[in-house]
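**Q** Chains as they are written, first to last, in numbering that gives the first Met the number 0: chain A, 0 to 147; chain B, 0 to 291; chain C, 0 to 661; chain D, 0 to 323.
It is possible that some hints are incorrect.
Here are the simulated lysine-lysine pairs, DSS-like style, with alpha carbons at most 30 Å apart [to be verified]:
1) Lys-85/A with Lys-241/C
2) Lys-40/A with Lys-537/C
3) Lys-113/C with Lys-131/A
Derived CB-CB ranges, DEER-like [said to hold, decoys possible]:
4) Arg-137/A with Ala-131/D: 37 to 45 Å
5) Lys-133/D with Gly-110/B: 33 to 41 Å
6) Gly-110/B with Arg-137/A: 32 to 40 Å
7) Lys-188/D with His-579/C: 57 to 65 Å
8) Asp-439/C with Gly-109/B: 48 to 56 Å
It is worth saying that the hints were derived from the structure and are not from the lab.
Yeah, the Cβ is synthetic: ideal placement off N, Cα and C, and Gly gets one too.
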Amino acid sequence: MALAVEKSEASTASWEPRIVAFFCNWCTYAAADLAGISRVKYSPNMRMVRVMCSGRIDPSFVLEAFRSGADGVLIGGCNPGDCHYKEGNYKTMRRAMLLSQMLQDLGIEKERFRLEWICASCARELQTTVNKMADDLRRLGPLDWKGV
Amino acid sequence: MKDYLYFPGCSLKGAGSPYEKSLLAVFRALGISLTEIPDWNCCGATAYLSVDADMGTVLAARNLALAERADGRDIVAPCSGCFLALSKAKAMIAEYPDLRAKVDDALGRGGLPYEGRVAVRHPLEVLLKDVGPDRLRKSVVRPLKDFRVAPYYGCAILRPYETVDSAHVPTVLEELTRIAGATPVDYPHKARCCGGMLTTGVQSVGLRLAEILLDAAKSAEADAIVTTCPLCQYNLEVYQDRLCRSTRKDLRIPVMYFTQMLGLAMGMDERTLAIDQLFRVPVLACPAGGRA
Amino acid sequence: MTAAGEAPRIGVYVCDCGFNILGAIDVPEVVRYAGGLEGVVLAKEYKYMCSDPGQDLIKKDIREQRLNRVVVASCTPTLHERTFRRVVSEAGLNPFLFNMVNVREGVAWVTEDKARATEKAKALIRAGVRRVALQEPLEARSEPVNPNVLVIGGGIAGMHAALSLANANSGAKVHLVEREPSIGGNMARFDKTFPTLDCASCILTPKMTEVKIHPNIHLHSYAEVVSVEGYVGNFDVTIEHKPRYVNEDLCIGCLKCVEACVYRDARFPNAFDLGLAKRKPIYIPFPQAVPTKVLIDPMDCLYLKLGKCKKTCVDACEKGAIDFAQAAVRAQVKVGTIIVATGFKPFDARRKPQYGYGTLPNVFTALEMERFLSPTGPTEGVPSLKDGSLPRKVGIIHCVGSRDRNTNEYCSKVCCMYSLKLAHLIRERTGAEVYDFYIDMRTPGKGYEEFHEKLLAEGLKVIRGRVAEVTTSALTREEKGHLIIRVEDTLAGFVRRIPVDMVVLSVGLEPQSDTQQLRRMLNLSCGREGFLQELHPKLAPVSTATDGIYIAGACQGPKDIPETVAQAGSAAAEALALVHRGTVEVQPYTAVVDEAVCSGCQVCVGMCPYDAITYDADKGVVHVLEVKCKGCGVCAAACPSSAIDQKHFRNAFVLAEVAGVI
Amino acid sequence: MVAKPKVAFYWCASCGGCEEAVVDLAEKILDVVAAVDIVFWPVALDFKKSDVEAMPDKSIAVSFINGAVRMSEQEEMARLLRRKSGLVVAFGSCAHLGGIPGLANLTDRESIFDWYYRKGPSVSGDGGAAPATKVTVPEGELELPEFWDAAKALDQVIDVDYYLPGCPPTPKLLAEAVGAILSGKSPPKGTVLAGTRALCHECDLNATKPAKLLISDVKRVTEVVIDPKTCYLAQGVICMGPVTRSGCEALCIQGTMPCTGCFGPLDNASDYGGKALSYIASIVDITDEGEARKVMAKVADPAGIFYRYSLPKSKLGRRRARRK
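The shape of chain A in the complex, shown without the other chains (with noise of 0.2 Å):
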């Protein structure tokens, strides 16, 4: 399934990278709305997509978003040992260290897809983790992907 890149209106005079985040319901998608509540300010670049358990995440969402014009990709789930679905994350671990590998065999820099595991009450830790990689990707500049 091929998807349009649509360019946002708001077109800032900096260039600003994009983050399209995974996050799991239980876990980081909770941490988000923590952070929420207790009005921890982070960069707004990252934009989230909620799924049930990181472990749906399927490598092709995170090849496609880099297609389509992300910058960078995150993906939030529990601790290992905390995955509401007994061992999803696990899952998701071994499928991130294999697709950084090929990412990057492919041109795509390592800060441009984390996986991080993000608590339910670890809202300081998603700012930091979303702030940070934000930086980072500032100072890569923007992945404007050229296909074949």
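Based on the hints, put chains B, C and D in the right spot on chain A.
**A** Chains B, C and D only, in chain A's frame:
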């Protein structure tokens, strides 16, 4: 046996020489070699710190850097002031990048790189952690029976870094005392200020603090105060007579270094341990002098 | 085109949420933008979408504008997704043709810059619209709820919850599990409760007995929950009963065995008295213990330790209840809901060595003082010094371990009040002069400030300042032989040294040390202080992220008895609501297999932790057992043929969302 | 007699294996030759580009084009044949997905030239020489084809009607395809003329899979003696069977060689490499992070393994273009 680099600092070369003599004697006997850091300089403590803190740190950092260049073994810093100054420099440089920059710049001009690799150790740690109670016990040939000791830590080796022992309930000196066969007495001042710094400034306050300490040790019926710091030793020792006069209390009590105590228990004589250089020579119940 | 076939007619509703969203996002601009998105027939702004008028607005449009898709951009779905799904279904639309976009927690509350917040909100709504266009109608599955309830912890919270449930006579059986030999928890240790000073055991003991005799309550004392499997409505629980070495059914609690024990005198520390009092190897924890059954501590009992003893206890027992052969036994129970009421553990005062606990004589924790003050406690209600004399001056130090960067930063909430209570009781029993050292005197609550006033009137000496240390380092003759409390009096502005005979440390409340294991067993999460995390701090204070599991009392955070009881009640109500409904809705986010594509490679079979996928060797394809599927989607991500997809989280939906946010 | 349908064969960037496949039709090739009129087949018959240009548009019934498109010349021929043919069939993995030449997309033109004409250990002389699009010879200036920065699959340059997958396509599939097309029973445009499910479905070893297909280690063929009677995956050997389109009748596997994926992805697969990666990582049943990292590291060159035949047609298509 592990070998160490050695940072004597100014006082062990001066007023604190009994400390150095006894330390070297004891370590030699335990088969530990101490190599002086080549071309070491002031640790940057006290006076310097109050004039230019950053420069103080740089001074300390130079010693650490020299140690790295020497061979990067652990540094043994017996003087509490030096121990704190070096530990503090290491910690602060690691924590504050801008300070690190200053240090790098300063040392860089002398072509001296600083990586922060070496560890700063206090002899007490080395004795109890590296050598270990068992070897120490074996080395004791003359347990100091019925010798009542008031262990005194001073401020610097426990605060703010509790690497040597807990700042609130320290016990290592007690342990060492027991190993030496002596009896540690319990009193609440063992980690309180000796007044040292103040006797040079606000003398009345400094002396009051010393008095509190001596009084407590006396009323705990100690035969001697055993300390870890040249400044404490000096401060607690030299003002005793004056305090006796001013307070009309008997505050006379020997103040010795833990290395001297251990040395005695290891059967060394008072000259080797420079105990004869103390104002008040502790009186031992057990026969003094060389190996029995 | 939509799943339903007809072209999407999407309504987008952006919520101002008062000023919460309006203040941080240019809502009119967002609405204008949303209106122009493909498939959107109308976009509206409203003050509070979740309010009745807001809900009616949506229903009206669905009917009049023939909307077949609805997007609401407001708070997080965890808060109101249910609400709006109900709304659209009331208007005749399938609830799963609704999509919620999180622009409050997700944007408004976490973004500094309004322009960028607006841009982000647009992106999220764009994604939401693209997604909803593809969403398909689904039927929520419902599963039966086992009426029985498991209550973990037999303190005041657990007991109250259990009784509320049991008294409902809903046909529900309550399994109350307490790991100590007796129920009662910490409250059983108290003599009086603040602010009313009514006798704790007078209000507690009847409750304990009622729990014991209630036909609907099955009490598992001296037992622990070792495993919980399953999900809301159908939990399989394993409970392990520790051996008492006394047959509970036979023992009548006459205590003849205790008198007869070969140990003439009690010499073993009694856990209930925090080791302040002694007991024999065979004992009951305390006189009012429920169940009133003795037990034997295998670490102390000669026979169990060494295998030889006259076993005078056995002879003494007419019932022949003593059974040295007893071993741990496991029981299986099925329940539909679980209430966690595991309480707290007091802060370990040794972690503040400057206060001398464990090193200086006559320094006690508040809980120890509670025992001293209890008529059944080690000193029969009159606190005395180690030498047996009465204290003439007592210092109570607040915030021990609390509001402290080195230990716990949070306020334990109950300490100020219990300290005042202790001050009153100590003064009443010993006539001692009592000093309270506090940072801030926190007395919110009915009658609490009045109690504070009463204590001040009684002549309580209060000194404002964090105590630096408790020491025996006397500087004056008067100080000699006393505990000296050094504190900076922040009101007087100088350092005080106050000699006292006894020090009470008002330790804070901490999570039970095994909270982490419990959390994992039940699939809950913890806040950063380590207490169990509620679903929502305000709107779902006793619910958790795991459906069917509720929390009550101090396991959720420090709280006093009234609050604890209130929480226990509401947890019971939540559980009962489920029991009463009889069924639970299970999200239909299950996996589906396209059998025309599936190659039968069986990669998915090994993926499923619930064994919900089976291989059909004849057809050479796999099937998903919907009832077993929990909807994690791991199999879909793993399926090499993309033959498996997840309902409501289909690849296409997720990818549409991805395209939208970029 | 009615004129026999005209057929053309052409090769772009390919190894010639696909041509072999045609010859591998063995005696069947005679039926084909009998049934059709081969008007263009550079590898076997001497026709020139001008001959094709001379033909009227759409006069060729079917053109079978194999090989990836890597150079301007290949694009030119592809376009020409497209214009002259009723149907174009992408023949073999390279034309279908980019194939082995597509792996060149893991690097770029500059790096390739650098290595082959300047830095390579076998390069002698000043190493200054490198392909150019223009060269002057005594006879004048010649224009040479341009070597592109990336290799492409056929349908990334021209419109393609059918795909015959495989490296090379099996004679059986070729025969069936030709038969189907000539008999007019042509399937819908864009059809891949092979199986519709993944290879496991037609693999005999599928029956030997354990109840739960989980492995504790991944092995390369060189590391183990494969038991030919048990599913290779179950033995820890990476096999692309589960992600790869069936139709080859598990030829390699019958030859004790795990599937490497030449038939490419299934119709609805999101991304071949992504899927391959996902299921391999998923069935490795290790939860300890350190251990998992070790085993995952054994999947050397993931991009090369998972996109061996399909990089140009993958979501990302190629290595990221170098910043200018």
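**Q** Lys-40/A and Lys-537/C: Cα distance at most 30 Å?
**A** holds (21 Å)
**Q** Starting from the hint 37 to 45 Å, judge whether the C-beta atoms of Arg-137/A and Ala-131/D obey it.
**A** holds (40 Å)
**Q** Measure nothing beyond the straight line between the CA atoms of Lys-85/A and Lys-241/C; if it is 30 Å or shorter, mark the hint as holding.
**A** holds (28 Å)
**Q** Between Asp-439/C and Gly-109/B, is the Cβ distance one that fits in 48 to 56 Å?
**A** Since the Cβ atoms of Asp-439/C and Gly-109/B sit about 53 Å apart, the hinted range of 48 to 56 Å holds.
**Q** Look at the Cβ atoms of Lys-133/D and Gly-110/B and judge whether their distance stays inside 33 to 41 Å.
**A** violated (57 Å)
**Q** Is the straight-line distance between the alpha-carbon of Lys-113/C and that of Lys-131/A 30 Å or less?
**A** holds (21 Å)
**Q** Could you check the hint for me, namely that Lys-188/D and His-579/C are 57 to 65 Å apart, CB to CB?
**A** Roughly 60 Å apart at Cβ, these two residues keep to the hinted range, so it holds.
**Q** Falls inside 32 to 40 Å, the C-beta gap from Gly-110/B to Arg-137/A?
**A** holds (36 Å)
Checked against the numbered hints listed earlier, the structure breaks hint 5 alone; every other hint is satisfied.
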